[in-house]
Every structure is written in structure tokens, then in C-alpha cells.
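These two chains come separately, so use the hints to put the complex back together.
Going down the list, the sequences are from chains A and B. Reminder that position 764 of the first sequence reads as 764 in this note's numbering, one-by-one numbering, no gaps. Reminder that position 104 of the second sequence reads as 104 in this note's numbering, one-by-one numbering, no gaps.
To be clear, the hints were calculated from the coordinates, so they are not data collected in a lab. Keep in mind that the hints are not guaranteed to be accurate.
Part of the chain B face toward chain A, derived, beta carbon under 7 Å [unchecked claim]: (1) Ala-17; (2) Ile-18; (3) Tyr-29; (4) Pro-43.
Remember, predicted model here, so these are calculated numbers, not experimental data. Don't be surprised by glycine CBs; every beta carbon is placed ideally from N, CA and C.
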Amino acid sequence: METIVFNNEHLAIGNFGHFAVVLSFVASLISCIAYALSVNKNSQSLLQLGKWMFFIHTFAVVAIFTSLFYIIHSHYFEYQYAYQHSSTELPVYYMISCFWEGQEGSFLLWMFWHAVLGCILIYKAGSWQAPVLTVIALAQVILGSMLLGFELGDFKIGSSPFQLMREHNPESLLIPVLDRLGKANYLEIYKEGNGLNPLLQNYWMVIHPPTLFFGFAATIVPFAFAFAGLWTKRLKDWMVPALPWALVAVMVLGTGIIMGGYWAYESLSFGGYWAWDPVENASLMPWLLLITATHMLLINKSTNKYPVLTFILTIFSFFMVLYATFLTRSGILGNASVHSFTDLGLSGQLILLLFLFIFLTFSLSFKKRSMASLFFFISFFAIMVLALVDFKTNITIISILGSIVLLGSTIWFIRNLFSLYGTQIETDKLYSREFWMFVGSMVLLLSGFQVIIMTSIPVFNKLFEGSKASAGEAYYNQVQIWFAIPIVILTAIGQYFKYKQSDVRKVLENIANSLLIAIAISIGALFLFDIWEVQFLLLVIGSVYAMTGNIHYIITALKGKIKVAGASLAHAGFGLMMLGVLVSSVNKKVLSINTTGTGYFSETTAEGKADDNAKKGNKENILLAKNRPMTFADNTLKATFKGVEEIAPNKYFEVEYEVLDKAGKTTDIFRLHPNTQNNPKMGMVSNPDTRHYLTRDIFTHVTYESSMEQRDDKEFDNFRTDTVKIGESFATADGNRQLTLQKVNVLNVKNDASILHLQAEVVINSIGDTFMARPEFISEDKIRFKEAIVDQAGVMVIFDRVIPDPENPQGMLFVLSSATRRPKMDYIILKAIEFPYINLLWLGTFILIIGFVLSIIQRFKEFKRREAQMK
Amino acid sequence: MKPVHIVILIVVSIGLAIAVSFYGDTSKYVCFKEADSIAVDRPNMKLHVVTTLSKTMPSTYDPQKDPNYFEFYASDTTGMEKKVVYRNAKPQDLEKTDKVVLIGYSRNDYFEATEILKKCPSKYEKK
Chain A
1 METIVFNNEH
11 LAIGNFGHFA
21 VVLSFVASLI
31 SCIAYALSVN
41 KNSQSLLQLG
51 KWMFFIHTFA
61 VVAIFTSLFY
71 IIHSHYFEYQ
81 YAYQHSSTEL
91 PVYYMISCFW
101 EGQEGSFLLW
111 MFWHAVLGCI
121 LIYKAGSWQA
131 PVLTVIALAQ
141 VILGSMLLGF
151 ELGDFKIGSS
161 PFQLMREHNP
171 ESLLIPVLDR
181 LGKANYLEIY
191 KEGNGLNPLL
201 QNYWMVIHPP
211 TLFFGFAATI
221 VPFAFAFAGL
231 WTKRLKDWMV
241 PALPWALVAV
251 MVLGTGIIMG
261 GYWAYESLSF
271 GGYWAWDPVE
281 NASLMPWLLL
291 ITATHMLLIN
301 KSTNKYPVLT
311 FILTIFSFFM
321 VLYATFLTRS
331 GILGNASVHS
341 FTDLGLSGQL
351 ILLLFLFIFL
361 TFSLSFKKRS
371 MASLFFFISF
381 FAIMVLALVD
391 FKTNITIISI
401 LGSIVLLGST
411 IWFIRNLFSL
421 YGTQIETDKL
431 YSREFWMFVG
441 SMVLLLSGFQ
451 VIIMTSIPVF
461 NKLFEGSKAS
471 AGEAYYNQVQ
481 IWFAIPIVIL
491 TAIGQYFKYK
501 QSDVRKVLEN
511 IANSLLIAIA
521 ISIGALFLFD
531 IWEVQFLLLV
541 IGSVYAMTGN
551 IHYIITALKG
561 KIKVAGASLA
571 HAGFGLMMLG
581 VLVSSVNKKV
591 LSINTTGTGY
601 FSETTAEGKA
611 DDNAKKGNKE
621 NILLAKNRPM
631 TFADNTLKAT
641 FKGVEEIAPN
651 KYFEVEYEVL
661 DKAGKTTDIF
671 RLHPNTQNNP
681 KMGMVSNPDT
691 RHYLTRDIFT
701 HVTYESSMEQ
711 RDDKEFDNFR
721 TDTVKIGESF
731 ATADGNRQLT
741 LQKVNVLNVK
751 NDASILHLQA
761 EVVINSIGDT
771 FMARPEFISE
781 DKIRFKEAIV
791 DQAGVMVIFD
801 RVIPDPENPQ
811 GMLFVLSSAT
821 RRPKMDYIIL
831 KAIEFPYINL
841 LWLGTFILII
851 GFVLSIIQRF
861 KEFKRREAQM
871 K
Chain B
1 MKPVHIVILI
11 VVSIGLAIAV
21 SFYGDTSKYV
31 CFKEADSIAV
41 DRPNMKLHVV
51 TTLSKTMPST
61 YDPQKDPNYF
71 EFYASDTTGM
81 EKKVVYRNAK
91 PQDLEKTDKV
101 VLIGYSRNDY
111 FEATEILKKC
121 PSKYEKK
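Next comes chain B alone, as it looks inside the complex (with noise of 0.2 Å):
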């Protein structure tokens, strides 16, 4: 065999560890009842949920007490509610906001989110 055979050989593999590796251990998008069943195999997998503030629901943020701890409740796709916390300061202008993509793990009694991203309506909206 060639160098070059063998380079092509170590290339192609990598390769399709890549292709599937991205069947692995990726994150996925879930509802908060599938985000629970997995936290109980895998509390380490970090996990997307779409959703929607809740409006009715009330939210803590008291930066006097501790800057690092918000919490506030949202539903997902199919309208379960759920508190969420989110150790760290509170997303500018989230009550504005309609859709909420929270990532991260989903803990007993609430979902831990490490992240938040905001959509605003104003960027989907065509004005």
C-alpha cells in the first residue's frame, strides 16, 4: 500500500466518523415530558425545548438577593407548563418576547436552562 492509500484510507474513516457521530450524542429538540424520561438515563445531556412564556405565571427575578437566579414558568409545543430556572441574570426584555428556546437539563421539579435564546416577533415579522 501507498502512503497515499493510507492517508486516503485514515481520511475517509474520520469522515464517516463524522457522519456518524452526528447520530451521537448531539442534542435534540423535545417537549418537557420526553426532556424528563431522558434526564433520568442521561442527566448529562443537554437538551433544546421550544417555548412560549407563560403569561399567567409569574416570574422571580430579585438581583438584590442574588443577581445569578431567575426563575419563571413556560409552556412547550404541546402546552405543558413548567418552571424554569436560570442561574444567571435575567434576559433583557424577555417578557417582549414570544418564543423561547430554552437549552439545557431537565431537573426534577424544574428545567434548568444554561441558555436562553430569545426570538423577538419584531425580527420574524415581514413590517
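Excised from the complex, chain A in its bound form (with noise of 0.2 Å):
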């Protein structure tokens, strides 16, 4: 085979790039092994190891990620991902965002995440150093392993990120162009990338996937001390520990999971800011089960009870990590996502790295080391073989004998875990703080339960062979409110207890005050927000009640104490998020209501019946001409499509709104930019833009523009001949535009009578609108007519000639013929939506947040009082 030297490339960053990956392979691979063996033989210098090399590895993860910025900064289009996700035109501030696009850069984010948190974790995890690293380290050398790119024969093992084009694609190579150029200089046809999907090209892109993914990282921390727990046997001494990391993983997730549904409300078309899309819930199931988890941990560490469940919940919602990493990389969520995610081979990693995880945890729950090992491979074994080899035959059985392995080794599990903590559940006191924090967590979990297995559909569909949908909004919806119901009323509730005893009468009378006082906030929220039906009116009362409550038990039990408040103050905001929740979805409202315009096609069958469909479907689009105001809404909003903007890919639309009172008078004037993208690699996107008010936002998006109708222009027909006077109307043959003869004007240039130069001045009158049109006659050696044509009217005018008035000697009439076809006007469609009080929504979690900072400052302070006693 011949050698080709290529020209223009740059090796040398590429070359380290994959050193820089192989060197953070095998350091956390040495790191976790010396780690591992320092827990089982108390090893000082093993575990100095495990610590140095850890530190290579952060060191490597690094540079891995410095060499792809850059790659990327310096647009070196010989590799695959900055091609494919940037371009010369890209600002720096979008290259960080070339990241996420990629499937490599997720996993690099990920493990940059999971190793800045290892380091915190050298210093700070104590005496749980050892055994924590070692989960880190051993979940980084997977993830690790994703990015190797080393291929062997068929099997492949990860996708490198310094991938060069024409390793990628070789095809690239055989082009015809290079026959020319040479293949030597086969960048000439790699100049520019593809440049990063405009719809990223969001600020709020730039911080949603960072901060996930350092959530989706944070949970591995709880995970690693539940684990450490269980490997050292100290059952209990981990829940300590691992609290405050559950509270900075909760938060951290649910700050980025909020913050991703912010983005969708403001540059999304969707019209709302949480869908239950797979997707969505993919990041929801973790955090459900995580919170659950948090509260589990704060019930034993006051009273050591539920230990058992405390652990399963713990561990589960970091399998809950991996296992959404896999619905949403696998491309098993194909059909139901609105998402679309392709299958990039690393599935058969993803399902190791989930199972290797769960078999490993599952084994240490038994007493034996050989039992424990025994277990372990014959599980492992198992389970990997049913689920990767392809056995050519029907996949029930297989999904079937998988699912026995699984839930056998889950039982088997918990069986163990009870053995090691002892199975009494010890007596619980109806007036004790842990069993109403018990009540409210079984909702949390039951509520996650649920998100859990609709989300899961297409899994077991793909198991089972099922056709099953995914369940719609509408049913999440539904099921989900009469789980937040009882968990606002339980946040303002369960607090008021002590923990183990409390005096009940004055519990009593602390629920009942603050209830009151809900109640009578509520009466008046109910009339201000016009809601009643009976869901919505227990939510909103309950809502309420978590506010007033945990204000009234920060003011009374606390003193206001606002360090000790965290969780109050997280509830409260927690309330106040649902309230707005609640309000800006069941009265949203479509605004741009379609009154006209209907009944051409939608109300009749093709029988020509009445079609009693119709009128279920929506008319939630009003078609705007430009510069044709219209009113809408009840006559309280006025809108004018004012022109086009183009700055590709974009296309702004401007649209000026009036607010109108209810006598017609103007009260409010603001101009929107609803902008199409045509977007390379998703075709046409429509995104919205929003006004906002303190009480209720305006949502407007442009779902159809008149550039987007595909016409072929027909010739004019409808043709009819009039002969007027000044002054006198007409119609046209259709009978839609009524045509005026306002003036004729002579225009005659030289004062010569052999010419006669005459133009007619028209007014057309269209659906509401006038037009001018001007026809013009002209009598020289012959005669000519320039017709008129006005595309906005569909009209053509022509003026044919003049004669005589045969009833009045001194004037004239003129002939003039008219003909139609279907007018041509710029026009968008609108669709206007209206977001009540959503500004509760976006204030709730901005004090939820600040009451999760709270309480993990709180956490830490307690685990390091905690590590200063055992010393």
C-alpha cells in the first residue's frame, strides 16, 4: 500500500489528545486497583498511590479536554469532532458548548465532573477515602474506556474524540475532486465545519449540560459512600457522610434540570417548559429517587430507622444515572422522543457500566467473600450474556430469563441487606417527625415509580415486543398532581413534629394555625387565579400551606434563624414553585384564537356532512398579513406583523402587539422578534419570543411564513370589461374586490394631439385593505396599454379605452377591464400563547435553591464536627 504524506495536518495535537486519553485510562485503572487493595489490606502506601495516580488521571482528563478546546478553537477540521461540531464563525463562548453536542465530548464532561469531585473527595472524604475513590476511580476507567477508539478487528471499544476525518470517513478520500487536487491535500475539501446547531447557540446551552451533568456526576458521591458502607461493614457511619453530597447532587440536578426547562420556555416552540418527554424524565427519574433518598438519610441520621431502604434508595438513583444515560445514548427512545438520538454503538457499554455497577454492589451485601465473589461472576456472567450476544431466537425468552437474574439477585440482595441491619422495623409514632418524613418519602417515591416505568415503555417494548405508546402530557399530568398534593401538605406538616416524640397538642395547634392561615391566603388566590376544580383547589391550598407553614415554623420554631432554615426555606420555595406550576398551566391560555377564516375545508366530510371533528379541533392560529392590524383575544390584544429581518440561518419576524383595555384604548405597546431558523441539521425550527409582565407572560412563535408556501403563480381569469364614470365603483367578476375610478390624469408630454396619454387611478378595495392601481392608455401610431397588476389584490387592471358619455355631451366614460387570481401577500401564522403568574414558578425555585445552599452548608458543618469526634 502505498504512503501518502498529507499536507496541512496537525498531528501533534491530536497525537497528544490520545496519549493524554490512554495516560487517564490506565492512571484511574492503577488508581482504582491500589485504591482497592488499600481497603482490604490497610495499606498507607497503596492508598498514596491510588491518590497520585488519581491525580495523573485528573491531570490527563485535563489535557484531554484543553487538547479538544484546542482543536476546536483553532479549527483544525482534519478532526471528525471539530467538523462536525464547529465552525470558523463560531464565538468563543459556543466552542465550550461543542462539548455536549458530541456524544465523546458528554462522556468527556462527565468524567472531568466525576474526577474534579473525586479530588474534593481526597481531602475532605476522611477516613472514607479509600473506599469511595475507588468507585470513582473504577466508574472513570468505563468511562474512560468510551473514548479509547481502539479497535480490535469487529469489536470496537469506544469512539476517540482526536479521530481525523479521513479515518472516519476514508470514503472522503476516493472523492473525485481529489484525483485533481491529490489526496494529499484532501483538507482543501474539509475548510470549514459544520458548525454547532443554532439552537445551541443559546446562553442558556451554554450552562444547562454543564451544570446536569455535574448533578448526573454528584450523585456517584452518595452512591460511593453507600457502597464504602456496605464493603468496610460500617452500615451506618456512611448515611453521614453521604447526606450532604445527596444535597448537592439533588440540588445541582434540579437546579440544571429546571434551568433546561427555561430554555425550552424561552427559545423553544413547544409552548411550555416541561413536557414529560423521555428525555426530560430521563433526568427527573434520578433526582425523584435522590430526593426520596436525601430524606430517607436525614430520618436515620436522628433515628436510625428504615437503614435497609435508606441504602436500596441510594444506590438506586446513581443506576438511575446510568440507566438514563442509556435511554438517551442507546437510541432506544427512537419513536418517542421529540429528541432524536441515534445509536452510536456504545450501548453494549452503557448496559456493562449499569450491571457492573449493580452486580458488584449486590455481592458485597454477602458475608463470605467467596459467596460474595461466587455471586458476583455468575450474575455478571449472565446477565452480560443475555443481554449482548445475539442468540437468534425469540427475545421474550431472553428478555424473560434476564429479568429472573435481575430480580432474583435484587431479592436475594435485600434478603442479605435485612440480614446485615436486622429485619425488625422498629415501632413508629404516629406524632414523630421520621414517620410523616417516612410518608412523604414513600409519595416521592411512588411518584418517581410511576415516571419510572412510563418512561421505560420503550424498553419493554423492545424486551417484550410490545407496541405500547409513550404515556402523553396529559396523563403525566394527571396521575403526577395527586402525588404533589400530599407532598406540599406534608412539607408544612411533617416539620411541626419532633423527631421520635413530640407533644401533640402543641403540634396540633401549630398545623391548625398555619392552616388557617393557608386557607384564608388561598380563598383569595382561588378567586384571583379562577381555579376550582377539585384537584387544582387541594393543590392550591396545599401549596399555600407549604408556604405559610414552613414561613410560620421558620418565624415561631426557629426564631429566624435562617442558617438552620435551609429546609424550610426549601419547601417553602417548593410551594410557591408548585403554585406557579399549577396556575401558568391550567390557565394558559391560547390567545390567538382563529374567528375567521374557518370553514372552508374543516367543518365538512368529504361527503360534505357536517364533520362534528371540526369543531373539537383547534383553531389556535391566526393568520397576520403585513401591516394589517389585527385584533384578538377578546378584543384586548392588537397585533401587526411589521416586516422580515434576515441574519442567517435566522429569520425574524417583527411583530408590533398593542394591549388594549376593555374601552379599546391602548394601555400597553411592545414589539416581539418570533424568529424561523432553517436549521442544517434539523430542517425549519420555529422560536418564540416573549414579553414578559410581572403577572403573566405573552408567548408568541411563528409556526408558518408566506416564503414557506410553494405557489406556482396561475394566470388571471375572472375577466369582466365596465365602463364607468369618475367616481363610479365596480366589482370584479368574483365579487371579492370592489374597484373605484377615483381620477384619470392626462400625461401628456409633448403638446402634441396626435398622443393622447391618459393613466387611470384605481382604488381596490380587498377584504378591508385598499390598494392603488394605476393602468395607463396610450394612443400614439398605435395604440398600447400598460396594465396594472397589484399581487397584495390579486388584481389586474387595464384600461381598455375611453368613449363619449352618451347622456351628457361634455363628459367622458372609460372602459376598463379587471380580471383576479389569488392575491400574494406577506403574511405569518401566529400562534400566542398566555403564561399566567409563571414568574411564581421561576421565584419558587430560586428560594428552593437557596434553601438547598442552606442546608448543605448545615450538612458539612455536621460531618466535619462528626470526623473531628472519631479523632
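Okay, structure coming up:
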């Protein structure tokens, strides 16, 4: 084979990057083994080795990051990653976004956060360092393998972010152009990259994914503590250090989720911040489990109750992160989600990652080490064979076998846990905080369970060859509201109780007091929001109660000490958030209800009968012709489409809104600029623009516009001729437009009687709009006509001739011909939605996050004190 | 019975109810023919049909007459072609799509889609 020396390639940086990938992999592997051995042998030197290997690993991860960034920043499009995800026009701050557009970058980001967390834990985990870091290093080994891009025949391990275009796509060297340029100059065809998806070119997209990934990454910490606890048999100790980390993960993941919702609301056109899309659910599932686990950890800290459940929930929230990654990255959600995902051949590795952690944890529950190893090898081997080997037989049978292995192992594991922790369920007093926290946690768990089951439908379909479709938004809302109601109420009730035993009378008194305040406020709120359906009404009262109850508690019980009020503040914020969610979605209103323009197709069936279904159909889009104001939403809004501005790939439509009061007077004027985007990766997408008021948002997007119409300009027809006097009106043949001859101008230039040049001024009234047509009649050597065409009205007027008026010797009559075709106009189809009181949601979220921060600080201090006591 | 037992009992039964409701009334992936037969008994059950757009039959969208009426033809996985009515603005760039998931109801002579999920080929292909 000939060797070609390729010109203009920058191979050094790629080689360096690839070296860093291998280094990070090897270092994490050594670190993991050293740490693991140091746990079993209790050896300081091994611990040191593990620690330094982890530092080297972290250094290597940073090096991978830097070299990839350098490649993107320098526009080295010979690298596949730079070519596919960036372009020369991309501003620097969006180059960071390139990292999460691609698969390899996403895993890299995840690894980066793990590495950062690992380094913090080396210093902060105290006596837990070795076992906790073993877990994190193990995760790094597997994630790192996904970047190796190591090929062994047909078998490929991971895909390298430093792959060259000519390796990625060898056929590109065979394209005809290169016969002329020479293969060595193949880079000539990769002068410009594909660019970052313009949808992601939004400042929220710079911070939302790293936040979400940090949240995902942080779930490994509470898991690692639980794992370490089981491994070193410090069965209850692990909960104290795990608690603040669980809070960190819950807070960051929650913030990431909300940021995603805010981004969707601000820049996507589906009209909302949450749609129960499988991808959104994928991030919610671990969050719900983890928030449940966090509450269980709190119960345990004070009472030592339900340790088994606490353990299970903590580890499963991490498994749920792995499962969610599998769902979103394996392409299994294909038909179910508006987000599309491709199987990049990593599903095998993702399954491996998931089951490795599951069975490793399970095996730790055996008291005898030999039993543990035996269990691990048999069950892990069995599940991997079932999952990855193609048996060419009925999938259902394999799936059932797999489920039996998984379920059986889980049951065995739980049984082992009970024998480790002791089985007795301690008596719980009805008037204790732990009991009500337990009840609340169970509601959270059920809510999470429902989301998990419904989101997993595509997985069940695949496993058992089913044909169930994913549940829609309405279904989730309908079910989840019944979980939301008890949750908000319990946040208010729970804290009045003390752990173990409380003074019943005092508790009930407090509950009653704050409930009365809540009901009083709720009545006002109900009238304001006009929400009366039972479940909504209950949620309004509950949410308000969550606020009043928690604020009441902060003032009376905590005496306003804000440092310890984290939980109460978070709960109050959660109540406000739920109120915002409820009001903005129940009272969400489409403003652009079409009251005209129907009746052509929609209300009759093919047989010409009235179609009842049409009445149910939506009329949520209205047509706005350019410069023609339109009033809608019960005459409270007037919108005018002012024009278009094109800044590729976006097309901005200027819409002027006037807010009208009851008397029709304008109270506010503003302009919105919704746009459509010719997205190279997704086709046309439309992006909204929103006017924010304190109590409501007016959300607007363009669903269609005139330039999308594929029209062939038809010839004029419906000719007719009218003979009229000046000032006289006549109609077109189809009767749709009214024409008036206003005036006739004499345009003779020279004072030459042989030339007659006349111009008629004809006013056209077309569907409420006025246009002017000026046809001309020229009589020179021969007679010529200059017809006037008004496209917006779809009218042509021809000035035929002038004849004397038989009735009036001084007067003249003018013969005008008119013809019509479809009017051609600039218009947009617009949808406007009102979201009332959505600011409650954002404000509530903000308070919730502050509450979390306060709690985290408080719990870290507790852990520090505990570690100090141990010494 | 202790309060905790009652809570556990309730939780387990709700959990079972959720698992069972999974087999209940949620939507299904069907072909047009199945959709027709389901619509006879349960006209209000939302159905999913995986389809490809017809390349030969014309689609109709005339926003100047009615911006909320879009009509086109699509064939399901068995190859059966049917008229689809979508009472909404025409989804942008639908022509460039090869696979479309329709969510809605079967009516007598057409399928009424209330949602259309587009699948752009570019998102599927590995470039």
C-alpha cells in the first residue's frame, strides 16, 4: 500500500490528546486497583499510590479537554469532532457548547466532573477516602474506555474524540475532486466545519448541560459512600457524609433540570417548560429517587430507622443515572421522543457500566467473600451474555430469563441487607417527625416509580416485543398531581413534629394555626386565579400551606435563624414553585384563537356532511398579513406584522403588539421578534419571543409564513369589462374586490394632439384593505396599454379606451377591464399563548435553591464535627 | 397493625396500581387498519401510527383560507395509505422528513392527527 504524506494536517495535538486519553485510562485503572487493595490490606503506601494515580488521571482528563478545545478553537477540521460540531464563525463561548453536542464530549464532561469530585473527596472524605475513591476511579475506567477508540477486528471499544476525518470517513479520500488536487491535499474539502446546531447557540445552552452533567456526576458520591459502607461494614456511618453530597447532587441536578425547562420555554416553540418528554423524564427519574433518598438519610441521621430502604434508594438513584444515560444515548427512545437519538454503538458499553455497578454492589451484601465473588461472577456473566449475545431466537424468552436473573439477584440482595441490618421494623409513633417524613418519602418514591415505569415503555416494548406508546403530557399531569398534593401538605405538617416523640397538643395547634392562615390566603388566591376543580383547588391550598406552614415554622420554632432554616426555606420555595406550575399550566391560554378563516375545509367531511370533529379541532393559529392589524383574544390584543429581517440562518419577524383595555384604548405597546431558523441539522425550526410582565407572559411564535408557500403564480382569469364614470365603483367578476375609478390623469408630455397618454387611478378594496392601481392608456401611432397588477390584491386592471358619454356631451366614459387571481401577500401564521403567573415558578425555584444551599452548608459542618469527634 | 405497616401497605398497593395501569388505557402503536377497528369501540383512545409521507398524493395547506387545516396522505408500515387531517398550522419542513409518527384518532375516512412527530433523516444518519 502506498503511503501518502498528507499536507497541512496538525497531528501533534491529536497525538497528544490521544496519549492523554490512554494515560487517563491507565491511571484511573491503577488508581482503582491500588485504592481497592488498600481497603482490603489497610495499606498506606497503596493509598498514596491510588491518590497520586488519581491526580495523574485528573491531569490527563484536563489535558484531553484542553487539547480538544485547542483543536476546536484553532479550527483544525481534519479532526472529525471539530468538523462535525464547530465552524470558523463560532464565537468562543459557544465553542464550549461543542463539547456536549457530541457523544464523546458529553462523556468527557462527565469524566471531568467525576475527576473534580474525586479530587475534592481525596481531601474531604477523611476516613472514607480509599473505598469512595475506588468507586469513582472504577467509574472513570469505564467512562474512559468509551473514549479509547480502540479497535480489535470488528470489536470496537469506544470512539476517540481525536479521530481524523480521513479515518472517520475513508471514502472521502476517493471523491473525484481529489484526483485533481491530489489525495495529499484532501484537507481542501474540509475547509469549513458543520457548525454547532444553531438551536444550541443560546446562553442557556452554555450553562445548562454542564450543570446537568455535574448533577448527574455528583450522584456517584452518595452512592460511593453507601457502597463503601457496605464494603467496609460501617453500615450506618456512611449516611452522615453521604447526606450533604446527596443534597449537593439533588440541588445541582434540580437546578440543571429547571435551567433546561427555562431554556425550552424561552427558545423552543413547543409552548412550555416541561412536556414529560422521555428525555426530560430521564433526568427527573434519578432526581426523584435521590430526593427520596435524601429524606431517608435525614430520618436515619436522627433515628436510625429504615436503613435498608435508605441504602437501596441511595444506590438506585445512581443506577437510575446510568439507566437514564442508557435511555438517552442508546437510541431506544427513537419513536417516543421529539429529541432524536442515535445509537452510536455505545449501548453495549452502557449496559456493561450499569450492570457492573449493580452486581458489584449486590455482591458486597454477602457476608462470606467467596460467596460474594461467586455471586458476582455468575450473575454478572449471565446478564451480560443475555444482554449482548445475539441468540437468534425469540427475544421475549431471553428477556424473561434476563429479568429473572435481575429480579432474583435484587431480592437476594435485599434479603442479605435485612440480615445485615437486622429485620425488625421499629415501632413508629404517629406523632413523630420520622413517621411523617417517611410517609412523604413514600409519596415521592411512588411519584418517581410512575415516571420510571412510563418512561421505560420503549424498553419494555423492545424486551417483550410490545407496541405500547409512551404516555402523553396530559396523562402524567393527571396522575402526578395526586402525588404533588400530599407532598406539599406534608412539607408543612412534617416539621412541627419532633423526632421520636412530640407534644401532640402543641403540634396540632401549630398545624391548625398555619393551616388557617393558608386557607384564608388560598381563598383569595382561588378567586384571583379562578381555579375551582377539586384537584387543582387542593393543590392551591396545599401549595399555599407549604409556604405559610414553613414560614410560620421559621419564625416561631427557628426564631428566624436563617442558617438552620434551609429545609423550611426549600419547602416554602417548593410550594411557591408548585403554585406557579399549577396556575401557569391550568390557566395557560391560547390568545390567538382564530375566529375567522374557517369554514372552507374544516367543518365538512368528504361527503359534504357537517364534521363534528372539526369543532373539537383547534383554531389556535391566526394569519397576520403584513401591516394589517388584527385584534384578537376578546379584543384585548392587537397585533401587526411589521416586516422581516434576515440574519442567516434566522429570519426575524417583527410583530407589534398593542394591549387594549375594555374601552379599546391602548395601554401598552411592545414589539416581539419571533424567528424561524433554517437549521442545517433539523430543518426549519421556529423560535418564540416572549413579553414578560410581572403577572403574565405573552409568548409568541411563528408557525408558518408566506415564503414557505410553494406557489405557482397562476394566470389571471375572471375577466370582465366595465364602462364607468369618474367616481363610479364596480366589482371584479368574482365579486370579492371593489374597484373605484377615482381620477384620470392626462400624461401627455408634448403638446401634441396626435398623442394621448392617460392614466387611471383605481382604488381597490380587497378584504378590508385598500390598494391603488394605475393602468395607462397610450394612443400614439398605435394604441398601447400598460396594465396595472396589484399582487397583494390579486387584481389586474387594464385601461381599454375612452368613449364619449352619450348622456352628457361634455363627459367621458372609461372602459376598464379587470381580472383576478389569488392575492399574494406577505403574512405570518402566528400562535400566541399567555402564561399567567409563571414568575411564581421562577421565584419559587430560586428560593428552593437558596434553601438547598443553606442545608448543604449545615450538613457539611455536621460531618466535619463527626470526623473531629472520631479523632 | 402499626401505622408504618399501613403506610407500607398503601404504598405497595398504589405501586401495584401504577404497574397495572401500565397495561391499561395508555396509547398503542398501531397501523391504520387496527386504528379503524379500535375507533369503532373506543373512538376517544389516542393512537400512535408510524408512517411515511406520500410522495405522490398532494398535501393541502392554504393558510389564507384556513391556517388551522392541513391535509396530507401517509402510508403506514403495512403500506396502507390514508388521508390525514391535522387541524393546526402545517409543520415546517414536513417534506424533508421521511418518517412521521402520527398521534391521534381514526375517523371514518381520515386519520385525525393531534400531534405529528417528525423524524429528520439527518438526525438519524451518522454523517
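The hints, checked one at a time:
1. Ala-17: violated, 9 Å
2. Ile-18: holds, 5 Å
3. Tyr-29: holds, 4 Å
4. Pro-43: Violated, because the Cβ-Cβ distance from Pro-43 of chain B to chain A comes to roughly 10 Å (cut-off 7 Å).
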